[in-house]
Amino acid sequence: MARPFSRRSVLQAAALAAAVPAPARAATGRGAAAPASAAGVPSAWSVRPFGLEDVSLGQGVFARKRELMLDHARGYDVNRLLQVFRANAGLATGGAVAPGGWEGLDGEANGNLRGHYTGHFLTMLAQAYRSTGEQVFADRIATVVGALTEVRAALRRDPAVLNAEGRFGPAADQVRGSHQYVDLPATVLGGASAVTLSVWVRPTHDADWTRVFDFGDDTGRYLYLAARNRSGVPRFAITASGAGGEQGLDGTAPLPPGRWSHLAVTLADGTGTLWVDGTAVARDTAMSLTPAALGTLRNNWLGRSNYSADPVFAGAFEEFNVFSRALTAAEITELAGRRAADASTGRGDLASYALNETSGGTFADASGRNPAATLRRTWGGPSHPGFLAAYPETQFIDLESRTTSDYTKVWAPYYTAHKILQGLLDAHTATDDARALDLASGMGDWMHARLSGLPASTLQRMWGLFSSGEFGGIVEAICDLHTRTGRAEHLALARLFDLDRLIDACAAGTDVLDGLHANQHIPIFTGYARLYDETGEERYLTSAKNFWDMVVPHRMYGIGGTSTQEFFKARGVIAGTLGPATAETCCAYNMLKLSRTLFFHEQDAKYMDYYERALYNQVLGSKQDRPDAEKPLVTYFVGLTPGHVRDYTPKQGTTCCEGTGMESATKYQDSVYFAQADGSALYVNLYSPSRLTWVERGVTVTQSTRYPREQGSTLVVGGGPASFALRLRVPAWAAAGFRVTVNGRAVSGTPRPGSYFEVSRTWRAGDTVRVALPFRMRVEKAPDDASLQTLFHGPVNLVARDAATGYLETALYGGAGLSGDLAPSFEPVPGEPLHFTLGGRLWVPFSEGTEDPAHAYFRRAEPRVVFSGRDAGVANPARDDGSTLLDEIWAGAPFSAKGALVARVRSTVGAWVTAGLLSRADGDQVVRTAAAASYAP
10 MARPFSRRSV LQAAALAAAV PAPARAATGR GAAAPASAAG VPSAWSVRPF GLEDVSLGQG
70 VFARKRELML DHARGYDVNR LLQVFRANAG LATGGAVAPG GWEGLDGEAN GNLRGHYTGH
130 FLTMLAQAYR STGEQVFADR IATVVGALTE VRAALRRDPA VLNAEGRFGP AADQVRGSHQ
190 YVDLPATVLG GASAVTLSVW VRPTHDADWT RVFDFGDDTG RYLYLAARNR SGVPRFAITA
250 SGAGGEQGLD GTAPLPPGRW SHLAVTLADG TGTLWVDGTA VARDTAMSLT PAALGTLRNN
310 WLGRSNYSAD PVFAGAFEEF NVFSRALTAA EITELAGRRA ADASTGRGDL ASYALNETSG
370 GTFADASGRN PAATLRRTWG GPSHPGFLAA YPETQFIDLE SRTTSDYTKV WAPYYTAHKI
430 LQGLLDAHTA TDDARALDLA SGMGDWMHAR LSGLPASTLQ RMWGLFSSGE FGGIVEAICD
490 LHTRTGRAEH LALARLFDLD RLIDACAAGT DVLDGLHANQ HIPIFTGYAR LYDETGEERY
550 LTSAKNFWDM VVPHRMYGIG GTSTQEFFKA RGVIAGTLGP ATAETCCAYN MLKLSRTLFF
610 HEQDAKYMDY YERALYNQVL GSKQDRPDAE KPLVTYFVGL TPGHVRDYTP KQGTTCCEGT
670 GMESATKYQD SVYFAQADGS ALYVNLYSPS RLTWVERGVT VTQSTRYPRE QGSTLVVGGG
730 PASFALRLRV PAWAAAGFRV TVNGRAVSGT PRPGSYFEVS RTWRAGDTVR VALPFRMRVE
790 KAPDDASLQT LFHGPVNLVA RDAATGYLET ALYGGAGLSG DLAPSFEPVP GEPLHFTLGG
850 RLWVPFSEGT EDPAHAYFRR AEPRVVFSGR DAGVANPARD DGSTLLDEIW AGAPFSAKGA
910 LVARVRSTVG AWVTAGLLSR ADGDQVVRTA AAASYAP
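Everything in the sequence shown is counted per our numbering, starting at 10 for the first residue and increasing by one.
If you're looking for bench data, these hints aren't it; they were derived computationally from the structure.
Here a beta-carbon is modelled for each residue, glycine too, at the ideal position from N, C-alpha and C.
A few of these clues could be false.
[Unchecked claim] Derived pair list, reagent style BS3-like, types lysine-lysine, alpha-carbon separation capped at 27 Å: (1) 578 with 790; (2) 660 with 554; (3) 676 with 578; (4) 615 with 554; (5) 676 with 660.
[Stated by the list, open to error] Cβ-Cβ distance ranges computed for the label pairs, FRET-style: (6) 265 with 498: 49 to 57 Å; (7) 509 with 868: 38 to 46 Å; (8) 118 with 781: 46 to 54 Å; (9) 900 with 746: 30 to 38 Å; (10) 178 with 574: 52 to 60 Å; (11) 465 with 239: 22 to 30 Å; (12) 887 with 732: 44 to 52 Å; (13) 734 with 812: 22 to 30 Å.
Just need the whole structure built from these sequences, with the hints factored in.
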């Protein structure tokens, strides 16, 4: 078991490490981050990451994109995020407006995911602080953590009154989302045969069927006054036989939100009247029912309905009075202008609650007939120790008996818990705030207490439910929590999220992904890889590795994304899944996390090849290239249909993908460098302008490059001397020309694409490494339709800007070079790196965050045999499977010289002539044209 981890222990470890020259640390005023061997890093990792503090970004596309997101991190009011937490706990919200969308009560599925976005935002703040050292981010973290500490404490107490400015003094305020109501004694109505009910209300929300008061025995016998019926006007009703037997009075106009209104109902002698602000707005002379006919009622509430689906009243109450007679019109008018105690009526003789208390959770009755009324929560409470959320425990409780998914009732409560837990852990890492770890540990304790008592079969059913049972990356977060606390309960908790049928299938190499929700399952395997670290059980790691191989490349689009309408489809089906709702951005985020985690265990370059693909294309392209303090401007889906325009303000806002997008844009540097666990090697995974401070070895590495605008990078060592192996990734696409020099001298060895090239030496200050990575223009074909292709220049996916909504037919062989490089077919745009034209059409990097219509896939069409601009005058024949003569010729690239290409043409043509696919005359013409052409290298 790893010893408990804290930020402080990391700082102490760093302080004991070898000193680094003065320029090595960014001027943040903070200590160094965890070195590769710091406490808290799993011993199972053979390579280990550097902290965000240890790697600073240089100028380039990543720094520019990050700055756009930092504008949002600095500018967004965190009290808006805290509003839903404070409201749920019955705390004052300071007038803050909830973010809305998925993070508000009016969002999708009634806001059942609220709280998740706050966790993402807290992680963003933590990453921003670690990366930049700006105090504003630490201050915002402290605000959020402090507020969540108050929220948890409030959830453990009975609710206490909040005040609003009333008509006559303090009034009882019911914040929307607090689930609070006033529980009145059963004696309030007194079995009266004539009655007047009078109350002041100030509604703050326009939800239908919110009750001002409701007295009843569930939905059979009751009388109520709703602030709004389905028509938006007040309604009074009384019944002894359910909704069908209601005798009712409906108002004529909505109550104005945010303003005080006086409401009254009189019942006597068969006549009922509804009054608004002293004016009778409805009267019925055939209302036979009175409280006497209903008898003693069990539920007597202000602000809550006997119909459980109805919303709780949001707004303020003042002066609730009940009289044992029907007041006159003059008396009602008088009550609409002054407090009852000062009116000729006096206080209600059956009940009189001023509702002007300024503390506590009870309200006194001035009539002398009744006990105090009590402020309560609809869900009971207080909550269990450690519970922290922006909604009650009810979703967690419902999930335990649920057999079908319904996100309008239960929407992934443990997913939301993960986001909050991860945000707290990241806050603790960044600031060493003990409150954050205490909150995180409490959440772990609460989840363990809740889940450990459930049968294994119940847990398997829960985690197998689509959406409702989704738990995100909670296993990874709990393992990280266990690393810090060392508590056995936390490790036991992580194992309670085992989804055995999925683990076992993937561990056995059985592909069961077709039809599964992609983002529900990707982060599960990052957690299982971490469970391997904590337990040593091989099935966890094996299942994660095999799962990754089931996604990459078999369900991967060229940009690195996966999923269609959020789901995995059949293995190898790419062309058949292209649509407007492909490549959910969260999936790319989580595949990067999984790839990185697997690389810690096995240094297979395929994981970092994928990392580069997804990071430099989908992740960069998911962030719009403009600032906005209010919105992160991140995609949800990335449609890959022809002419798709990206939506950077998706759905209703505050979605999962906007949350992970905030995180992605503040940790671009997290995988540029890794260190061998024993400090013997440094991995350079990504070519990105950056500066590494390797405290353990007393060196810095400054990487200067404009990559991918530049086809190479320069690394300069500072500090030292230090002996270690420098391992430089040779991208899988780097088919030829990868070269390395140290201090101007070529390094011997044979670079192999899809591996690491090693340079071992004793490094000294000033040592300079130059890496050359020549790009080629190439295509990747959809496995289920080779004619649908996507274009790459080195690591960069290029898209055509065109408003057409059909696949663009594109020919590329006409200018191909001997290497097979398709770049000679294109014209570079002067002054615009990575911009090209072909036949007058512009091709640009996918990573550019614009709203231009784009074509990520095109229809490859090579109707004529053309070599280096020379048209043979021969149609390009095709086999039954769609492969063409030119495809087969160029499959032999690269060619060492023109003669080798001509020989390939001659042999291929001969085979096609023999097969009857090409005439002899046309074949001879093809060979002559190939021989006459001049080729780029």
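Results of checking the hints against the structure:
1. Straight-line distance between C-alpha atoms of residue 578 and residue 790 comes to about 18 Å, which keeps the hinted pair within the 27 Å bound.
2. Among the hinted pairs, residue 660 with residue 554 is inconsistent with the structure: their alpha-carbon atoms are about 33 Å apart, more than 27 Å.
3. This hinted pair does not check out: residue 676 and residue 578 have alpha carbons roughly 30 Å apart, beyond 27 Å.
4. Annotation: proposed proximity of residue 615 to residue 554 holds, straight-line Cα distance about 12 Å (limit 27 Å).
5. With a C-alpha separation of about 25 Å, the suggested pair residue 676 and residue 660 falls inside the 27 Å cut-off, and the hint holds.
6. Between residue 265 and residue 498, the C-beta spacing of about 53 Å keeps the proposed range 49 to 57 Å intact.
7. Under the hint 38 to 46 Å, the C-beta atoms of residue 509 and residue 868, about 44 Å apart, fit the expected range.
8. Hint check: residue 118 to residue 781, Cβ distance near 52 Å, so the stated range 46 to 54 Å holds.
9. Judged by the Cβ atoms, the range 30 to 38 Å given for residue 900 and residue 746 is violated: they are separated by roughly 20 Å.
10. Taking 52 to 60 Å as the suggested C-beta distance range, the pair residue 178 and residue 574 conforms, at roughly 56 Å.
11. Distance hint for residue 465 and residue 239: a CB-CB separation of about 46 Å, inconsistent with the stated range 22 to 30 Å.
12. Residue 887 and residue 732 have their C-beta atoms about 57 Å apart, which leaves the hinted 44 to 52 Å range violated.
13. Hint check: residue 734 to residue 812, Cβ distance near 51 Å, so the stated range 22 to 30 Å is violated.
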